[in-house]
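Chain P is fixed; fit chain F onto it per the hints.
Protein chains: 2
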Amino acid sequence: MSQQIRAELISVGTELLLGQIANTNAQWISKHLANSGISVYYHTVVGDNLARLAQVFENSKRSDVVIVTGGLGPTEDDLTREAFQQTTGLSIIEHEPTIQSIEEYFKRTNRQMTPNNRKQANIFEGSIVFENSVGIAPGIAIDYNDTTYIFTPGVPSEMKAIMSEFVIPHLVQKYHLNHIIHSKVLRFIGIGESQLEHELQTLISNQTNPTIAPLAKEGEVTLRLSAFADNKEDATQLINTTEKEILSIVGNYLYGYDDETIAQKVVERLKENQLTIASAESLTGGLFSSTIVDIPEASHVLNGAATVYSPTAKEHVLDIPELIISKHGTVSSECAELMAKQVKKLYQSDIGISFTGVAGPTMSEGKDVGTVFISICDQYDNCHTVKHLFNGNRFTIRTRAVKKGLERLYQLIK
Amino acid sequence: MSQQIRAELISVGTELLLGQIANTNAQWISKHLANSGISVYYHTVVGDNLARLAQVFENSKRSDVVIVTGGLGPTEDDLTREAFQQTTGLSIIEHEPTIQSIEEYFKRTNRQMTPNNRKQANIFEGSIVFENSVGIAPGIAIDYNDTTYIFTPGVPSEMKAIMSEFVIPHLVQKYHLNHIIHSKVLRFIGIGESQLEHELQTLISNQTNPTIAPLAKEGEVTLRLSAFADNKEDATQLINTTEKEILSIVGNYLYGYDDETIAQKVVERLKENQLTIASAESLTGGLFSSTIVDIPEASHVLNGAATVYSPTAKEHVLDIPELIISKHGTVSSECAELMAKQVKKLYQSDIGISFTGVAGPTMSEGKDVGTVFISICDQYDNCHTVKHLFNGNRFTIRTRAVKKGLERLYQLIK
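Those sequence lines, one after another, are chains P and F.
Heads up, the first sequence is in full-length UniProt numbering, so the first residue is 1 and it goes up one at a time.
Heads up, the second sequence is in full-length UniProt numbering, so the first residue is 1 and it goes up one at a time.
Derived by calculation from the structure, the hints in this document are not laboratory data.
One or more of the hints may lead you astray.
Subject to a maximum C-alpha distance of 25 Å in a straight line, what follows is the list of computed SDA-like cross-link-like pairs (lysine to any residue) [as the list claims (entries may be wrong)]:
hint	chain 1	residue 1	chain 2	residue 2
1	F	K387	P	S299
2	F	K217	F	D230
3	P	K107	F	T14
4	F	K31	P	A51
5	P	K341	P	P311
6	P	K107	F	K232
7	F	K232	P	G19
8	P	K31	F	A22
9	F	K341	P	D319
10	P	K160	P	P311
11	F	K244	P	E76
12	F	K271	P	A51
13	P	K367	F	N122
14	F	K217	P	I99
15	F	K31	P	P156
16	F	K217	P	W28
17	F	K217	P	N110
18	P	K61	F	R62
19	F	K31	P	D77
20	P	K271	F	T14
21	P	K184	F	G219
Quick list of the computed label-pair ranges, beta carbon to beta carbon [said to hold, decoys possible]:
hint	chain 1	residue 1	chain 2	residue 2	range
22	P	T211	F	N35	49 to 55 Å
23	F	E131	P	P361	32 to 38 Å
24	P	K244	F	L50	38 to 44 Å
25	F	M113	P	E245	35 to 41 Å
26	F	S333	P	Q274	30 to 36 Å
27	F	T114	P	N209	26 to 32 Å
28	P	T211	F	N240	54 to 60 Å
We put the CB at the ideal spot given by N, CA and C, even for glycine.
Here chain P stands alone, though its shape is the one from the complex:
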C-alpha cells in the first residue's frame, strides 16, 4: 500500500468570506479525493487579495497536492495566477489552443470577445492544461518543488467537470493510488430514514469495513457503503457481501445505485416496456416533464405535458368539464383523475399522470398548503388517484410531489 497522499484545498473568493455562499466546492472535492484514497488535511478560504493569497500559497507547500478553486476569471479581482507566480516565480504564458477555443466560443455564441477574456487562457510555463467542457477558463496542473498544484475555476459546474474528467484520473495515475476507498451508494424510495436505520440497526453498528452511512435525501434515503482496500476488486468484494445482507432485509425498497435517479429508472423501465407517458401539471407547472427531459433517453418515452395552471386552461386545453371544477374544485380527486385521463388522450400516450394541489404560500379552495392529488392512468385505463400531504415551502412541496409521482410510477412498472 503506497504512502498516504496529503492534500489541501484553497478556495479563492471574497463572496465566501462575506458569507454570501457556503463552500460547497470544498465539500464536493473532499468527498471525491477521499474516494480516490487521497486524504484532505486542510481547507483554506482566502479573498481576492494578492498578499494574502501569496501567503496561503506559501503555507500550502506542506501538502503533496493542493487544489485551488476560483480567481481564474477575466476580471481584475481574479488574482490567483498572479499570486501563485509571486510565490513560485513561475512564468505565465498564453495557451494558444485555449485562446483559439475562447475565440471560437465567442464566435459561436455571437458574443463580443473583450481583451480581458484572453487572460483566461493564461497558464504557467510547463503546466498540463485540462479542457473546460462547460466554460472558458481551463484547469491547470503544475508541479512546484514536491507539491502538485491544481487550479480550476470556482463555478461549481466547471470545477466538477474538470475535476471528474481530468484531475482525479490524473492524480490517481500520478500517485499510483493502489490503496483506495471505494464507495457504493444504495438508493431506496418508499421507506423513511428512521425506519431503514431501525431495520438495519445491528448491521450498521457492527459494520466497520465497509462502513454503512445512511443519508436522508429529498423524498428518498441512501446508504453509502465505503470500503478501504488495496484495490478496487477487494473493496468491491467487501461491499457486495454487505450489500447482500442489507438487501435481504430492505431489498424491495431499493431502486438504484450511486448517481442513478428515480427519474432515470422510470425512463429506463418505460423504455423497456415500450410505454409512452404524458403529464398534466397544475401546481408542479412542468416540473415533472422537465425532470423526465433531463434524462437523455426521454425522447423514447415522453410524448409531452400540459401545464394547465389556470382553471380556464384545465377546461379549455384538457376539456375538464366546468361542472367538475365548480363542484369538486381543481384540487380534487375527480379533477386529478380527469386530468390524467385527458392528457393521456391528448398526447396519445400509454400512461397519463397528473398533479394538482396547493403549493402555497396560502390555502386555496379551502385546502391546506401541501395538499396534492396525484393520479396515474395506465395503459389499460386503470386510474389510481391518491391524496398526499407534503411539508415545506412552495418549492419543496412541488419537488416532493414530483418525487412521489416518480416513486408511484416506478412501483407500477418496475
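Using the frame of chain P, we list chain F on its own:
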C-alpha cells in the same frame, strides 16, 4: 471611524475534511461578522489532530479576532482545548458554574452523566465564559497576545445561539464597533462578466469605498457594492452615489437587486402590464413554466404550457403542419415561431414563448448540440425568433435557454 478589525475562522472537524458536510457555520459567522463591521480574511478547516490544530493556531496570530468552532465535545477526538494550550501555554481549569449546569442538565433529562462530560466544563484560565442555552459546552473568550480567541461548539444551533447572544455583542463592545459594512447587489442580464468589467474598468479600479465586486452567475452577472461606514445611512449614501455612476454606464442591463431573480421580475412586469403568458417547450420540457410557477404570483400571469417533446405532439397538440417539420425540421425558426403562435392561441394568453433545440448529448436533425430557437409572440402578434447557441451539458443548455428566454421577455416588457 475605528480601524479595521481583521478576523479569521477556524472550523475543527474531520467530517468537513471528508466532505460529509459543507461548512455552513463559516458562512453564517462570516455574514454576521460582516454586518457588525468585522472583516473576515480567512476560513480554515482542520481535522481533530493535535499537531495540525496547533499549527493552525500558530498561523492565526496574524488576526485580531479568531473564531474557533468545534472540537469542544466530550469525546477523545475533541482536541481543540489541548491544541490551543500547546500553542499558548495557557492552563486549563474546570469552570465550576458550568459543572453545576451540566449536572442539572443530566438530572433534568434523566440521563446518566459520564465522567467525560466534565471535560466540557474545561476553560482556559482567565477566560470569559458564555453560557450555552441550547447545549452543554459553553462558549469561551480569551485574549492571547494581541488576539482575541473565541471558542464555540460546532453544532450549528449551539454556535448560533452563543454567537448572537454573547459573542457578537461582546466584540462590538470590546472593539467599539460604531462602524458597519453594508452591501447591495446589482443584478445584470444580457451582458457578460468580462464585458461588464471592461465597461466599468476605471470605476472598479479607482473605487475603494464602496468596493465593487463582479461575480458571474449562470447566465447573468452581479456587482456587489460593499460600503464601510459609521452607520447604515452613511453606507447607503456611499453605495447610492456609486450605483448612479455604474448605472449611467451599464444601466440598461440592470434587472434587479440583492436576491431578486429574473423570473420574479418577469412575473412582476407581466402582472403590472396585466399580460398573461403560455409557453411551448420542446428541449426545455416544461422547465420554463416550472421556473415561472416557482414564483408565488405566477397564477396571475401564467395560463399554462404545452410541452411538445415528440414531433407528433407538436403536430397533434399545437397543430404544427407536418410540412413545416418535414421541410425545416423541429429545430428551426419556422417551427419555433409557429409553436409560440399556437400555444398563445391554445392557452388564450397575451404572450406566447417557445423553445425548440438540441439539448444533446448527440446532434439532432443535423443541428449542433446547444442550438436553440426561442420565439416570442407578443400581444400584437409580433413574433421575434432568435437562434441561440449554448455551451455545456444537457442540463446547462436547457437552463441557459430558459434564462435567455426570461431575459428576452424582460427586455420586451420592462
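Starting from K341/F, check that the Cα of D319/P is at most 25 Å away, please.
Holds, at about 21 Å.
Quickly compare the C-alpha distance for K217/F and N110/P to 25 Å and report which way the hint goes.
holds (19 Å)
Pair hint outcome, K217/F versus I99/P [Cα-Cα no greater than 25 Å]
Within the cut-off at roughly 22 Å; holds.
Can the restraint linking K107/P and K232/F be considered satisfied, given a maximum Cα separation of 25 Å?
Violated, at about 45 Å.
Would you check the hint for K160/P and P311/P, treating anything up to 25 Å between C-alpha atoms as holding?
Not OK: K160/P and P311/P at ~43 Å, beyond 25 Å, violated.
Is the straight-line distance between the alpha-carbon of K387/F and that of S299/P 25 Å or less?
OK: K387/F and S299/P at ~22 Å, within 25 Å.
Does the Cβ-Cβ separation between T114/F and N209/P fall within 26 to 32 Å?
Since T114/F and N209/P have Cβ atoms about 28 Å apart, the given range 26 to 32 Å holds.
Is 30 to 36 Å right for how far apart the beta carbons of S333/F and Q274/P are?
holds (34 Å)
Keeping to a limit of 25 Å between CA atoms, is the pair of K31/P and A22/F held or broken?
Holds: K31/P and A22/F sit about 11 Å apart, inside 25 Å.
Regarding M113/F and E245/P, is the given constraint of 35 to 41 Å on their beta-carbon distance met?
holds (37 Å)
Check whether the Cα positions of K107/P and T14/F lie no farther apart than 25 Å.
violated (47 Å)
Assess, step by step, whether the Cα of K244/F is no farther than 25 Å from the Cα of E76/P, and give holds or violated.
This hinted pair holds, its Cα atoms lying about 21 Å apart.
When held up to the earlier numbered hints, the structure conflicts with 2, 3, 6, 10, 12, 13, 20, 21, 22 and fits the remainder.
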